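Residues in the sequence shown are numbered consecutively from 5, following the numbering used here.
No wet-lab data here; the hints were simulated from the structure. Just so we're clear, the structure is a prediction, and the values are computed from it rather than from any experiment. Accuracy of the hints is not assured; some may be wrong.
[As the list claims (entries may be wrong)] Label-pair distances were calculated between CB atoms; the ranges are: (1) 88 / 21: 24 to 30 Å; (2) 40 / 106: 40 to 46 Å; (3) 129 / 37: 32 to 38 Å; (4) 84 / 19: 32 to 38 Å; (5) 159 / 117: 28 to 34 Å.
Positions of the beta carbon are idealized from the N, C-alpha and C atoms, including for glycine.
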Amino acid sequence: MRPDRRHCRQRGAVVIELALVLGVFLLLALSTIEVARLMYVFNTAQEITRRAARAAALTDFSTDTAMAALRSHALFRTGAGPLPLVSNLTTGNVRIEYLSMDASGALVPLATLPACPLQNVVNCTENPNGAACIRFVRASICASGGSGCTPLPYRTLTGFGPGMAQLTVPTAVTVVKAESLGFRPGMTCL
């Protein structure tokens with residue numbers, strides 16, 4: 005029995021149709037995944053700074069190990085490493101600044117930190133608006149290095165996408181009132 009001539013002419017059409025439809029489907033699927041990841045990064049950036057600022061308001065700023073643990077905890081980790089799904093956002097990108105408030109109400113970064121939380125209590129008791137009194141804590145996400153806070157570039161998973169190269173992770177600045185800063189009654193450091 006001889007194959008039908010019509011069937012022979014259409015033999016490769018299904019493969020071509022599959023290739024065209026599969027290409028469009030994969031493009032849409034990868035685009036959806038990338039947009040979902042972008043939204044995850046933008047929402048998580050604010051949560052990272054909120055967690056970092058809240059913890060910094062309660063943590064002894066003079067202890068390096070406590071500050072390193074604070075940054076790791078802000079990135080939802082128990083040790084060193086980047087934020088899950090965002091390989092370029094590490095503990096080095098979580099910036100914590102301690103601020104004083106001058107008499108006019110302006111927030112000013114401290115040039116030098118007090119020696120310990122007890123020294124900060126003494127400084128704030130003597131002059132609440134002094135340049136050595138930590139009144140607020142500011143957390144933000146910045147690219148590593150430099151004195152200013154430059155936004156961290158956003159990296160796509162796939163490496164493609166028009167306009168994605170210009171996106172940056174939001175700095176997501178959070179300012180909270182300084183609380184104990186790790187001070188405990190009976191603490192000595194002076």
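The hints, checked one at a time:
1. With their beta carbons about 39 Å apart, residue 88 and residue 21 fall outside the hinted range of 24 to 30 Å.
2. With their beta carbons about 44 Å apart, residue 40 and residue 106 fall inside the hinted range of 40 to 46 Å.
3. Judged by the Cβ atoms, the range 32 to 38 Å given for residue 129 and residue 37 is violated: they are separated by roughly 54 Å.
4. With their beta carbons about 49 Å apart, residue 84 and residue 19 fall outside the hinted range of 32 to 38 Å.
5. At roughly 33 Å, the beta carbons of residue 159 and residue 117 sit within the given window of 28 to 34 Å.
Of the hints listed earlier, those the structure fails to meet are numbers 1, 3, 4, in rising order.
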